[in-house]
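Trainee: Each chain, letter by letter, is given below.
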Amino acid sequence: MPESSSNSTSVLTALKQAWPAVLVLILLALVPTISQVIDNPFIIRLFTRVVIFAIVAVALNFVLGFGALVSMMHAGLFGIGAYVVAIFAFHEYDSSPLWLIPGTANLAVTIPLAIIVTAFAAALTGAVSLRTSGAYFIMITLAFNQMLYYFFVALQKYGGDDGLQILASLEFAGVNISRRVTFYYIALCVLAVTLVLFSRLINSRFGVILQATAQNERRVIALGISPLRYKLAAFVISGAVTGLAGALWATGQQFVSPSDLSWIRSADFVVMAVLGGMARVWGPVLGAVVIVLLEALLPNYTQFWQLPFGVIVILIVVYLQGGLADLFGRARQPGGGGH
Amino acid sequence: MGAPLLEVKTLQKRFAGIVATNDLSLDVKAGETHALIGPNGAGKTTLIAQLQGELTPDGGTILFNGRDITREPAHRRAHLGIARSFQITSVFPQFTVLANVALAVQAQQGHGFRFFRAACDDPSLTRPAREAIDQIGLSDRAHVYAEDLSHGERRQLELAMALAMKPALLLLDEPMAGMGRQDGQRMTRILEGLKKNYAILLVEHDMDAVFALADRLTVLVAGRAIATGLPDAIRSDPAVKAAYLGHGS
Amino acid sequence: MSVSLFIEQLLNGVQFGVMLFLISAGLTLVFGIMNLINLAHGSLYMMGAFLAAAFVKITGNYLAALALALALTALIGYVMEKLVLQRFYHRSHLDQVLVTFGLILVFNDIVRLIWGVVPVQFRLPEPFSGSVQLIADVQYPTFRLVILAVGLLVALGLYVIVVHTRIGMWIRAGASNRPMASALGVDVGLVFSAVFAAGSALAGLAGLMAGSISSVQVGMGEPVLILALVVTVIGGIGSIRGAFIAALLIGVVDTFGRVLLPPALGSMVIFMLMAIILAWRPKGLFPVNA
Amino acid sequence: MRRNKGLAAIAALAGGFGVLSQGAVAQQGPIKIGYVTTTSGPEGVIGRDMVDGFKLAMKHGGGKSAGREIQVIWGDDQVKPDVGRQVVDKMIESDRVHIVSGIIFSNILLASVKPVLDAGAFYVSANAGPSPLAGKQCHPHFFGVAFQNDNNFEGLGQHVREKGFKKVYFLAPNYPAGKDMAAGFKRYYKGDMAAEVFTSFGQLDYSAEIAQLRAAKPDAVVIFYPGGMGINFVKQYAQAGMMSQIPLFTGAGTVDQTTLPAIGDAAIGMFTGALWSEFLDNPANKKFVADFEADYGRIPSGFASASYDTGRAIQAALDAIGGKIEDKAAFQKAMENVKFDAVRGNFRFNKNHFPVQDYYLVQIEKDAKGRNVAGFRGTILKDLQDAYGGDCNMAAAK
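Residue numbers (our numbering), protein chains in the order written: chain A, 674 to 1012; chain B, 44 to 292; chain C, 5 to 294; chain D, 584 to 981.
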C-alpha cells in the first residue's frame, strides 16, 4: 500500500467513490434535451429548482454532515443572497440609489456582493450561535432565521410580505443569461463546482479537523486544536455558497419574498441533506432531487399527498440510516480514510 | 535527573462541596516516569484533567518548564508539549488509525487552515504519523477504522496519538484500563520503550506495571498526596498501606 | 398604560405563559429524560383538542369527554413510542427530528381525513364561557382563570412527582444512567414508556385547553411547537423548573412586546430573547447536567 | 447488488417525468383551465369551498362549451408564493392551460400572475384582488371576478358611518390584504380611528390586543381576520365579555361558512359586510345554494359563491365565442362584455376588468335547522367599484 499515491490514482479513486454523483450530474445535464424531446419546457424549470436547492443542501451538509452543526438558518442565508440581487435590481429599475450606492442589474456585481453579504451575516450569527451546541444550536439558529424573516417582512419598501418582483432585466456583464436552458446549465455548473469544492475541503487539513470535531470535540482540544474558529470558518463558507444559491434563485425566479426565508424552508434543506445522505458530499443532491420531485408529483395524485410523503420520510429514516446515498453502498467519512 | 519539567503547587478543586483535589503538590522531572496511584475516586483523573487544561483549578499553580500555565486553555498547553491519553478511550471512531494519528501530527504542526490539498496524501503528515504508529506496534492496522479496532488496539492508538504530538510530557490516564493480561504486558513493554524519551505522569491500577515502570510514585487519597517517594520506600510506607489497602482497591 | 391595564396585560402574559408551560412540560421531560426530540409533540396537542371536541359532541358531558380525550391521547403517544420512536433513542437528534417531522405530516393528513378541513367547534361549559370582574376596570374571561389554575396545579404536581417521589427517582435515575438504573431493578423501558405517555397526555391537556379559546384545526400544533421548543431550550432541556420560568418569561415578554412594539419587531421579540439568553447561557437558564 | 438498487432508484425517478409530460401535445383538444388554490394546511378550508364552487359551476355548464370539452386541472399552492408560482408554471408550460384561476392570497397571486400573462394566457381571479392589478399594473388578460380587496370593507365603512359610530378601532393581520382592507374601510367611513392595529399573520391569542382596545374605549371594533385568526379573535372577544360592550363588525371574508361552524354561537347577532349572501333573492343564487348543499352537504361560503361566479363567467364568455379560446382578442372582448346570472345579483366588469357590484349587510343568526347562517339585512351600496380604476390604462398596458 503506497503511502503517497500519485495524483492520477487519487483522481481515479475519487471517481470510483463518486460515480453516483457523476451519474446524477450527467442525468441532470440531459434534462433540457429530455424536455425538448417530450416537448415540456416546465421540466427545466422544475429541475432548476432541484439544482439550486441541491447547491444549498450540499453547502448545508458541509456543516451538518461533516461538522455536526444542525443549522436551521440556511433559508435565512439563502434569502439574504436572493434579496441582495433583488434589491439592487429594484434600485436599478427605480433609478434611485440605495443610500449612496447606485442600483445595478449586473449580476457580475450583485452575485459576488450577495456572497459577501451572506458570508458576513453567517460570520456574525455563527460567532454567537457556535457558543452553543446540539439542540441549543438548532434553536439559536432557528431564532436567527426568524429574525431575518421578520426583518424582510418589515422592509415595506421592498414589498414586505408581498415580496419583490424583479422588473429590471438582469444580465451578467452584458450577457443575457435569463434564457431558460442557459440559466439551467449555469446553475448546474455551479452545483458541479460546489461539489468539487466541498470534496476538496472535506479531505483537506481543514476538513479533517471539522470532521474530527464533530466526532469528538474534547479529543480535538486535547490534541491542541481550538475548534471554534474552524467551525466558524466552515459555517461562513457554507453560508457564502448558500448566498450564491440564493442569488441564483432570485435570478431564476425574478421574484423574492420573505417566504423564501421561512423556517420551514430551512427544515426542508435539512431534510434534503439527511434524506440524501450526510456521509457523502453528493448525498444531499439525491435528497434535493427526490424531495422536490415528490413535492411536485405527489399532489397530482391526491390532495392528501402529505400522508404518503410523511410515510416515505419515516421509512427512509427507519430503514436507510445513511440516507438515499446508502443505496449505492455504505459510506464512511471521506476525510477519515488514509487509503 | 534534572529540574522539574512540571511543578504543581497547592492545587485545589471542588465539585459541589466535594473536594476532588486537596492542597496537592507534586512534580515531574525531565525524563522521569512518575506514577500516580490511589483508590478509585481519589481524584487522579481530575488532576490529569487540570494538568491538561480541561478543568480549571480553584486554587494553586501549575508550572510547566517554569512557566505558569494554570490559566492556559487546553489547546495552548498541547502546543507547549503536554499530551494526554484518556482513561476512557477517546479516539475518532470514523477515521482510520493513520488518519487519527495524522490529525495529531497536524495539530502539532498547527496548519489547520489549508483548504485544498488532501490531508491523507500529504507526506508531511503521514510520515510522522507512520513513525508513531510503528513505535507503538500498530503498523499492520494503519488502514483499519478506529471503530473496528479491538479494545487493546484502541488503547495503543490512543498512545500513538499522544506521541505524534511530539510532547515533552505524557499524561497517561490508565493506559492499561480494561486490558487482558497479555495486552497489558505488551503495553508495559511499549511504555518501557517510551520511558527513555519522555517525561511521563502515569496513572495506573496495575501495580506490576507501576513498579516495573515508575521512577517515583505519589499516592493520592481523597484528593491529597499522602506520600511521594521511590517505589521501594512507598511499598513499605505504613501510612500508604493503611490508607490504600484500607480502601480495598 | 394605566395601572389596571398593566395588571390585566400582566395577567394575560402569565396566563399565556402557563399555557406554554403546559405544552412544554411534556416536551422537556421527554427531551431531557429520553434524550429524544419529539416534534410530533405538537401533533399530540392537536389530537387532544380534536378528541376532546369529538367526545364532547358524542357524550355531551365535559368531564367524561376530557378524561376520555386525555386517556386516548396518552394511548396514542404510547403506541407511537412503541411502534416508531423506541427505535430512535440511540439514533442521532437529526434522525429523531426527521422521523417526528414525518409523523407530523402523517398526523395532519389523518386528522384531515377524519375531521375534514373545517375547524371544529369546541364549546365551553356554561359556567366558564363568560367573564368575571377581577378589580375595577379588569374583566377577565373565566376560562383563562381556569387555565391559569390548571397550569399552576400541573406545575406543582410535576415538581412534587419528579423531586419527591419514588417514581420521580426512577425517572431521574433512568435519565442519568440507564444501565445503572436497570441494574438497580428499575424497568427503564417501562419508565420511559410511562413518561412518554404522560408527556403525551400533558400535550393533549394543553391542546384541549387551547382548543376552547382558539380554533381547533389541522396544523394548530406547529406554531405552538415552535414556542414550546423555545421555552424548553431557554429553560434548559429537561428542567421542569426551567420550563416553568421560561414559559412565564416568554408569555409576559411576548404579550408586552406585541402591544408596545411595532408589529414586525413584536413578532421577533421572543426569538431575540432566545438568542440573547443562549448567547449568554449556552445551555439555557437551568442547565440539567451542569 | 447495491449498485443495481441505486440505478433502479434513478430509473424510477426518470419515470416520474412521464407524469409531468401528460397532455403536453394538445392542439385542438379540450379548453384547459388551471385552478390553483390552497387545499392543504389550515387554510385548506377556504380552498375547499373555492374548489367546490368552481366544480359546481362546471357541472352546471355541462363541462363543455360549444361541444368542446372544458378540462380543469387542480393545483395546491400550500400558501407559499414560490410553490404557487411553480404550480402555475407547470400549468402554463406543461399542461398548456388557457386560463388560470383560483388563488386565494394576494401575495401568492402577485408572485404567480406574471408567467400567466407573459405566456399570453388569461388569469381570471376568483378571490384575491390586490390593488396594483386593478390600477397601474392592470392587464388586458387579467380579470378579477370576485372583488378588488378594498371592496370587502368599503361598504362596511359606509354602514358604520351611517350608524353614527365616531371612534373605530381597526384590527387586521400585518400583510398586504390587511392594509388594503383598512384603506377600503377608511375610504367610506371617513371618521376618527381610535387605532389601527396590525398583528402578526397567523396569531393565535388576542387577549393582549383585546385588553388594549377595551382600554381605548372605542365605540365600535372592526376586524379583518380570515380563516383561523377570525375564529380565534371572535371566540376570545366573546369570552372576554366584549360582545355586549362594544359592537364588533367585519367586512366580507371573516365570519362566514368557513369559520362559523368553529366559532359557534359566539358570533350570533354580529353584523358583517358581504358581497353575497345565501339568502339573496335571485334564481341563480337559489339554484346555486340548493345544489351546493345537495352536492356537498353544507352551506356555501362567500368564497364558494365568488368561485362559482368565476366559473359561470368563464363559461358564458367561452359560449359567446363558440369555445374558440385560441382567439384571445375575442375571448378578452367576450369577458369584458360577459352576460351571466351572477349569484351575487348585480355584476359587470369595469374598464379595469374588476367588478362593479352591490355591497350587502348580513347578520349572523340561526336558521330553521339550528345552523348559524348569515341572514340578509339589506343593501348598503349599489354599483360599488374600486378606487384604482383611474390608474389603469388598459390600452397602454397591452
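In short, the hints are calculated from the structure, not lab data. Ideal Cβ positions, reconstructed from N, Cα and C, are used throughout, including at glycine. Be aware that one or more of the hints could be misleading.
Covered stretches of chain D (in silico footprint by chain A; criterion: 3 or more residues with CB under 8 Å from a CB of chain A, positions within the stretch not fixed) [what the hints assert, rightly or not]:
no. : region
1   : 687–696
2   : 753–765
3   : 841–853
With a Cα cut of at most 30 Å, we get these calculated DSS-like pairs of lysine-lysine [stated by the list, open to error]:
no. : chain 1 : residue 1 : chain 2 : residue 2
4   : D       : Lys719    : D       : Lys750
5   : B       : Lys209    : B       : Lys52
6   : D       : Lys769    : A       : Lys830
7   : D       : Lys719    : D       : Lys934
8   : D       : Lys746    : D       : Lys949
9   : C       : Lys61     : D       : Lys949
10  : D       : Lys916    : D       : Lys638
11  : D       : Lys697    : D       : Lys949
12  : D       : Lys965    : A       : Lys830
13  : D       : Lys773    : A       : Lys830
14  : D       : Lys697    : D       : Lys952
15  : D       : Lys642    : D       : Lys907
16  : C       : Lys61     : D       : Lys952
17  : D       : Lys697    : D       : Lys911
18  : D       : Lys965    : D       : Lys749
19  : A       : Lys830    : D       : Lys697
20  : D       : Lys719    : D       : Lys965
21  : D       : Lys647    : D       : Lys934
Trainee: Next, verify each hint and record whether it holds.
Mentor: Against the structure, the hints:
1. 687–696: holds (count 4)
2. 753–765: holds (count 3)
3. 841–853: violated (count 0)
4. D:Lys719 to D:Lys750: Violated: D:Lys719 and D:Lys750 sit about 33 Å apart, past 30 Å.
5. B:Lys209 to B:Lys52: holds, 26 Å
6. D:Lys769 to A:Lys830: OK: D:Lys769 and A:Lys830 at ~22 Å, within 30 Å.
7. D:Lys719 to D:Lys934: Measuring from Cα to Cα gives roughly 13 Å; hence the hint holds.
8. D:Lys746 to D:Lys949: holds, 24 Å
9. C:Lys61 to D:Lys949: Distance of about 19 Å is within 30 Å: holds.
10. D:Lys916 to D:Lys638: holds, 25 Å
11. D:Lys697 to D:Lys949: At roughly 44 Å apart (the allowed maximum being 30 Å), D:Lys949 and D:Lys697 break the hint.
12. D:Lys965 to A:Lys830: It is violated: about 35 Å lies between the C-alpha atoms, which goes past 30 Å.
13. D:Lys773 to A:Lys830: holds, 27 Å
14. D:Lys697 to D:Lys952: violated, 46 Å
15. D:Lys642 to D:Lys907: The hint holds at about 20 Å.
16. C:Lys61 to D:Lys952: holds, 17 Å
17. D:Lys697 to D:Lys911: holds, 17 Å
18. D:Lys965 to D:Lys749: holds, 24 Å
19. A:Lys830 to D:Lys697: Judged against 30 Å, a Cα distance of about 20 Å means the pair holds.
20. D:Lys719 to D:Lys965: Holds: D:Lys719 and D:Lys965 sit about 25 Å apart, inside 30 Å.
21. D:Lys647 to D:Lys934: holds, 28 Å
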